[in-house]
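**Student:** Residue numbers (the numbering used here), protein chains in the order written: chain A, 386 to 825; chain B, 60 to 400; chain C, 24 to 348.
Just so you know, the hints here were simulated from the structure itself, not pulled from any lab data.
Keep in mind the model is a prediction, meaning the values are calculated, not measured.
It is possible that some hints are incorrect.
Stated by the list, open to error - Pulled a few chain C residues facing chain B out of the computed Cβ check, cut under 7 angstroms:
1) Asp237
2) Gln275
3) Leu277
4) Val281
What the hints assert, rightly or not - Here are the in silico distance ranges between beta carbons for each label pair:
5) A:Gly687 / B:Thr168: 31 to 39 angstroms
6) A:Asn819 / C:Asn302: 25 to 33 angstroms
7) B:Asn180 / A:Gly687: 36 to 44 angstroms
8) A:Arg724 / C:Ser299: 37 to 45 angstroms
C-beta: ideal position from N, C-alpha, C; glycine also.
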Amino acid sequence: MTANLRELFRYPSAVAGLAILALLVALSVYAVVAIPYREAIRLWSVGEAAWPRNPRYARPEWLNWLAGGRLPRTLVVRGPQGSATERSLGSGVRELQFELSFRYPYDRFPTELAVFVDAQYREQAPHLELAWRTPAGSEVSLADFSPRRRDVYRMSADADLRARLGGAPEVVLFAAPERPRQASPGRHALRVRAFLFEPGSSVQVELVVYGEVHGLAGTDHLRRDLTLPLLWGTPIALAFGLLAAVGSSVSSLVIAAVGAWYGGWVDGLIQRITEVNLILPGLPILIMIGTLYSRSLWVILGAVVLLGIFGGGVKTYRALFLQVREAPYVEAARAYGVRDLRMVAIYLVPRAVPVLLPQFVTLIPGFVFLEATLALLGLGDPVLPTWGKVIEDAQRAGALYVGHAYWVLEPAFLLMLSGLAFTLLGFALDRVFNPRLREL
Amino acid sequence: MSGEPLLVVRDLATWYELRRFGFLHQGWVRATDGVSLQVQEGEAVAVVGESGCGKSTLAKTLLGLVRPRRGDLWFEGRQIRTEDDWRWYRRRVGYVQQDPYAALPPFMTVRRVLEEPLVVNGVRSARERRARVVEALEAVQLVPPEEFLTRFPHMLSGGQQQRLVVARATLLNPRLLVADEPVSMLDASVRVEVLQLLRSFQQARRLSVVYITHDLSTVRHFCERVLVMYAGKVVEQAPVADLLREPRHPYTQALLAAIPDVDPNNARRVRAVPPGEPPSLVRPPGGCRFHPRCPVAISGVCERNPPPDFEVAPGHVAACWLYQAARRAVAGVTPQGGSLP
Amino acid sequence: MESLLRVEDLRLHFRTAAGLVRAVDGVHLEVARARTVAVLGESGCGKTSLARALLRLLPRNVAHYSGRVVLDGLDLLELPEEVFRQQVRWVRLSLVPQAAMNALNPVLRVGEQVAEPLWLHGRVRRPQEARGEVEAALRRVGLPADFADRYPFELSGGMRQRVAIAMALVLRPQLVVLDEPTSALDVLTQANLMNLLKTLRWELGISFLLITHDVATASELADDVALMYAGQIVEFGRAHRFLRQPLHPYGQALRASVVSFREERTPQPLPGQPPSLVNPPPGCRFADRCPARFEPCHRTPPLVPVEGHGRVMCWLYAQEASRVG
Chain A
386 MTANLRELFR YPSAVAGLAI LALLVALSVY AVVAIPYREA IRLWSVGEAA
436 WPRNPRYARP EWLNWLAGGR LPRTLVVRGP QGSATERSLG SGVRELQFEL
486 SFRYPYDRFP TELAVFVDAQ YREQAPHLEL AWRTPAGSEV SLADFSPRRR
536 DVYRMSADAD LRARLGGAPE VVLFAAPERP RQASPGRHAL RVRAFLFEPG
586 SSVQVELVVY GEVHGLAGTD HLRRDLTLPL LWGTPIALAF GLLAAVGSSV
636 SSLVIAAVGA WYGGWVDGLI QRITEVNLIL PGLPILIMIG TLYSRSLWVI
686 LGAVVLLGIF GGGVKTYRAL FLQVREAPYV EAARAYGVRD LRMVAIYLVP
736 RAVPVLLPQF VTLIPGFVFL EATLALLGLG DPVLPTWGKV IEDAQRAGAL
786 YVGHAYWVLE PAFLLMLSGL AFTLLGFALD RVFNPRLREL
Chain B
60 MSGEPLLVVR DLATWYELRR FGFLHQGWVR ATDGVSLQVQ EGEAVAVVGE
110 SGCGKSTLAK TLLGLVRPRR GDLWFEGRQI RTEDDWRWYR RRVGYVQQDP
160 YAALPPFMTV RRVLEEPLVV NGVRSARERR ARVVEALEAV QLVPPEEFLT
210 RFPHMLSGGQ QQRLVVARAT LLNPRLLVAD EPVSMLDASV RVEVLQLLRS
260 FQQARRLSVV YITHDLSTVR HFCERVLVMY AGKVVEQAPV ADLLREPRHP
310 YTQALLAAIP DVDPNNARRV RAVPPGEPPS LVRPPGGCRF HPRCPVAISG
360 VCERNPPPDF EVAPGHVAAC WLYQAARRAV AGVTPQGGSL P
Chain C
24 MESLLRVEDL RLHFRTAAGL VRAVDGVHLE VARARTVAVL GESGCGKTSL
74 ARALLRLLPR NVAHYSGRVV LDGLDLLELP EEVFRQQVRW VRLSLVPQAA
124 MNALNPVLRV GEQVAEPLWL HGRVRRPQEA RGEVEAALRR VGLPADFADR
174 YPFELSGGMR QRVAIAMALV LRPQLVVLDE PTSALDVLTQ ANLMNLLKTL
224 RWELGISFLL ITHDVATASE LADDVALMYA GQIVEFGRAH RFLRQPLHPY
274 GQALRASVVS FREERTPQPL PGQPPSLVNP PPGCRFADRC PARFEPCHRT
324 PPLVPVEGHG RVMCWLYAQE ASRVG
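Pulled out of the complex, with its shape left as it was, chain A reads as follows (with noise of 0.2 angstroms):
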């Protein structure tokens, strides 16, 4: 065993598998420690309120390398800061003026505008009057308005701005004069009058500037960070596949090792259940389970389980064993008086190890890709973030027609990573393992 596995490092494939393996191993662990998995589940199906701050569809950050910064990134601006001033309006009122003023560096249009208030008071409300000045001077009033809490005012889902300000706000607020239809840098302000109507009221205001870009991965429609799904998807698809492989060729080795051992009616039986089983569809299976029962992963996952264990493993193994049965080491075991369930377990299966443990590997990417299938068919985890969800979501959303390429190519690619660790490592194994195939 040792010596395999010496051996094994002997193949650049086994190596480059062992290591892209030992990195999504590294992802998992992380992903598990940073992100404790109930924070996880919560920020994955609360979804936008989670995160208002995350531009919706931003792309990866990184993406700007390419792109040479162009790419605005999301600007956050508080106040009130040190030049505020605040006057007494008599009877208890105070008017309390603000600028929130911020440079704009980019020729790209901010994605969305929106005003988070943060007001205390104990019964009366404050009010707020928010205006606008552009780089080149002009004022714009932008709204007034008694903000609850916590509040947000999204500018750019104003109406009744829209239509006096002849288009989107981000648009129109910060179009270059000469050339509409790019952004011109410059200093822009939000200026912020607020009437407090009690002694110990206070509001706090935050200008949130939608960019392009958020974070390693991007984030969706609903603003969700990526990195969430593409962290936790890994161990979540690594289990699935390993258990799923584990389960399905370890349980029909052992039933095709008994099945060839004792022979007779206990072979016929599971013999004919195999060949049931194996024209049983298995994905409308899943389908009918994931529409009907539950599209609990963990269901699924047992479900494939129990539709593997009488798969066409048991097949392949049953030739094997048929063979093995008749070998002279298990002859000579029963003439020193080993009985039934010892040889199943100690002589026979032992034996196909060499054959299984390579299948079982290259088995295992393509119970990845079912999680994945059954996601993108609606049936994935309903809490679970993973891979094929967010594909499933960057599907429903268009996102390859709009644009969004990176949204469906993150997860695609962490499959196809997965995939092409296990193969390879899997037909090294196959090499190692079974001397026949080797081309010397």
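Please arrange chains B and C on chain A, whose structure you already have, making use of the hints.
**Tutor:** Using the frame of chain A, we list chains B and C on its own:
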């Protein structure tokens, strides 16, 4: 070599059923068809014959790996009939196989290989097991044992593998060793070593050996008695020296004539070899099964009646009509060739 | 005596996981016309690799292949592969491979397989036209002509072996390499086959290179014996002398290990293991197992000529030769 024989086999027949589609009866392969033999304690008996003569089936039957269709078997005076008898009997018989590499589980270390029979037969103490494994390795000169314990079979040479097989076969202190072509897969230069090892076990432990082989030349130095089998029957049996000096059955004579010896003149002469091939065991020829190939067949006799055993000299028995006139048949012989005890 | 095949310093090394395997490591050999040389050696001594080297049936992991092989005046190693295939392999030099009886194609009729070499070498335009020659080839090896229509599984082991010999002979080569032609066969079948090979040699004037591990088998056919050990021919000489009195200590030990029912003496096992071909010991490769080992054996022994055309690779005789000379 006196007193009660260790093993007595009378009129043993092991047939395999031929089936079509797995269930339609097609006939029987009469692999052994009325074989009788006795093995004394501490005696080595060779069973010689060509492939397909039933000698391996005889070995498997003697090991309890296949059940005979007919016949009786006594071991240490106890008749082996029920499954319990067979189980009791099997513990007392060791098995040395033809292909040592195939006879060893490739995934077990030498230590596991030797521990298995002990575990299976209820030796619970790990210390005792280890001691017996080491002792067994020493007995077959795989020394120092520590060096071999952790090796896998494929790391051993053919001779060493076969010695390991012998160690395993003798581990439970059997009374009888069945060796089925133990050296035919080995290099000529290693054969002597393994045969001498078997011989030393036989002599040192008063072990009885049934040595199955197709090669008469290995018989002389390693056995006391020889049985020659042809097409499922024993055609001649005799002490080794007698048989080699004066073979009686025409088949035995042909077999002996065919064996090359190291003689430079071999290259200049053509050997007299009977034509044809051994018959099918499904429909063996009537009468003497050798008659279609026999150069001295007596027409009108040999193709009609199966020859009984004739005692041609003390302890030398040939089943051939040629000796009918000269000698009387062994007392109580049935036409099927089985002698009654 | 005119030699048909002359092998000089032939080397064939393979790359494997364990290292460089020197399977054939400086072999010298001659085969005369209409004579048989037996290459005798234990398994793993490189004798099958020698057969492959002669026929240029090389696996892909060859690391080194050199020397001179002259067959009937033709320097085989110099020939391009295509010329070798058309002019030499099977035409002048053919092979009955090890376990040939299991090497027949199970789905082709015997006749079609025997006809294959004729067709491949353009003797006939279609395999079907070779019927006459196929039947003649089968009769030559003692099989009825109608066996041409049978499938290999319908034949016994001995008969299949005869088919393999018929295939090797169908183009009338001058030299046939027989790799363990009778191992795994029954005694009577072996004797039958040996009878056949003897007759073929007498009738066709063919030369054989018989590869075997069994001294008795070698004695059946050999005019000369080449004793191979760890990739080298350590003794070469007349069979009638070698079989009675081998010169090399390895030959003597091998001879003493032969089990024979006609001989009174007790056979002696050959102690020890042959050395690994990956790292053969320096000097004489048999030294570790040699009872006659003495001081110079740690150096590579010379090839000492004996009895005109033979030679032995051993210091014992080098000393003698130098004393006499």
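**Student:** If a hint holds in the structure, say so; if it does not, say that too.
**Tutor:** How the hints compare with the structure:
no. : hint                                    : in the structure
1   : Asp237                                  : 5 angstroms, holds
2   : Gln275                                  : 12 angstroms, violated
3   : Leu277                                  : 6 angstroms, holds
4   : Val281                                  : 6 angstroms, holds
5   : A:Gly687 / B:Thr168: 31 to 39 angstroms : 38 angstroms, holds
6   : A:Asn819 / C:Asn302: 25 to 33 angstroms : 27 angstroms, holds
7   : B:Asn180 / A:Gly687: 36 to 44 angstroms : 41 angstroms, holds
8   : A:Arg724 / C:Ser299: 37 to 45 angstroms : 41 angstroms, holds
Figure legend: structure checked against the earlier numbered hints; the only hint not met is number 2.
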